[in-house]
Amino acid sequence: MESTQSFRFFNRGPSPMVRLVFFAVLSMLLLFVDARYRYLESTRSTLSILVSPIQRVASWPGYLWQQMGDFYITQSRQHNLIAENEELHRQHQFDAAQLLQLQALQAENQQLRNLVELPLRNEFSTKSVEISYAERDVFNRRVMINKGENADIRIGQVVMDEAGIVGQVTRVYPWLSEVTLITEKDHAVPIQVLRNGLRAIVFGAGDTSQLSLRYMPVSADVQNDDILVTSGIDGTYPPGIPVAKVIKVERDPAYPFANITCLPVAGVDNRRHLLVLSDLPGMPELPAQQPAQASAEKRTKIKRKN
Amino acid sequence: MPYTAIHARSEIQRPVSNTFILTSVLVALFLNGLPWEGVWLMMRPDFVAVVLLYWCMHKPWRLGIGLSWAVGILADVADASLFGQHALAYTVLAFGGVVLNHRLQMFDLRQQTTHVLGIMALAYSVYAMVHWLVNGYVVWMYFIGCLTSTLLWPPLCILFQAMRQQPVERE
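Sequence order for the protein chains is A and B. Just so we're aligned, residue 23 is where the first sequence starts under the numbering used here, counting upward by one. Just so we're aligned, residue 348 is where the second sequence starts under the numbering used here, counting upward by one.
Treat the hints as calculated values from the structure; they're not laboratory data. Cβ coordinates follow ideal geometry from the N, Cα and C atoms, glycine included. Please note that the accuracy of each hint is not assured.
[Said to hold, decoys possible] Computed footprint of chain A on chain B, listed as stretches where at least three residues anywhere in the stretch have a Cβ under 8 angstroms from a Cβ of chain A:
no. : segment
1   : 368-378
2   : 419-431
[Stated by the list, open to error] Cβ pair distances, simulated, as ranges:
no. : chain 1 : residue 1 : chain 2 : residue 2 : range
3   : A       : Pro278    : B       : Tyr484    : 18 to 24 angstroms
4   : B       : Val485    : A       : Ser64     : 51 to 57 angstroms
5   : B       : Thr460    : A       : Tyr59     : 38 to 44 angstroms
6   : A       : Ile177    : B       : Leu480    : 44 to 50 angstroms
7   : B       : Trp479    : A       : Ser64     : 24 to 30 angstroms
Given the sequences, and given the hints that come with them, work out the whole structure.
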């Protein structure tokens, strides 16, 4: 077969070189359009219908492995399970007590807010989702979750687990959505230090599962074990949800900014079930002299880039 | 493997069916899609790249640069990388394979593997370079995948040769 084909001089079409150049230019064009303007999202979700069956099948082995693990745990470690159950009961009772307190506080807070005529902090509703698979790319820290347009997931919605913020929905397919984790390189979350209310922005480190607090002056009042919670002033993240814990503060007077490393509070890398927050309260209109629309667009653009 | 052995074997090989090529590419996409994580993700060979390279080297008129590009686009969708990132890398890879096709008859498996390492390194660098241009940083551990992909080459080659021969032996 090979030997006959090497004599076919005329019906081969363009030479490999021509093809290489053609497809390389085509790819680069697509790259440019996708990186710069993001026009191709609809094409992407159409093609995802082709690819998603393969991905679904590929996620089965992991699922089976987990099921098998669960089976053996229930078989061999019944005592552990009983102990764990007791522990959870204790935890639940403890939490319930705290929850009662919280309800009282909430009522009190509402009363006080009524007194000083501040707008109420709105509640949000949550949707429970499951991680279908983590993205197979060393560079990115993203996961795919098993609900998409069908479950009314929107771009920009916040994803959290029971402990804190996990990430943000950055792309929505018909049956899947892509969540960018807060540890993704340059992903920004506006936060406040819980201890003293200091406002700052925490960025993902990218190559490790850590976060860093950038642009904080050396004299900033940040200590080890400080809890960082969302400040809510960006209108994307609801206020008061834990994001990270400071684990290392390096103050080198040679640099204008302190080097502060944090660890995410949520199990960013080791959870299977997550919550997507929806129906967040919108931001109040910005004053007229600042074009609200433009700045909002800019903000979402920056977010998406991250 | 001596030169004569490959030459003799390729003569009795039957034409490859389209189903075989398609299945191999689908299986490669499936293997790439398995839940790899952490260190394993870095060590993971790019199955699709290796399979595409195999077909581009052995049957460049069946699965050439164009189809490799199309598979690359599918890989882009699967990995949610930028549109054209895998496609560009696979185009370069396929070109390497097609060029190597002409020399295939002269090389034994060991020499082929050396060439494959070069082509893989090129394709991986293209991918990393695009990422660097767009996002401004490169994870160097990513290039481990290039070595493991190359290590996958000899077993895959032998396996595919064997699978292509099987029907002949039965007759």
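Query raised in the report: Which numbered conditions among the earlier hints are violated in the structure presented, ordered from lowest to highest?
Result: Structure breaks hints 4, 6.
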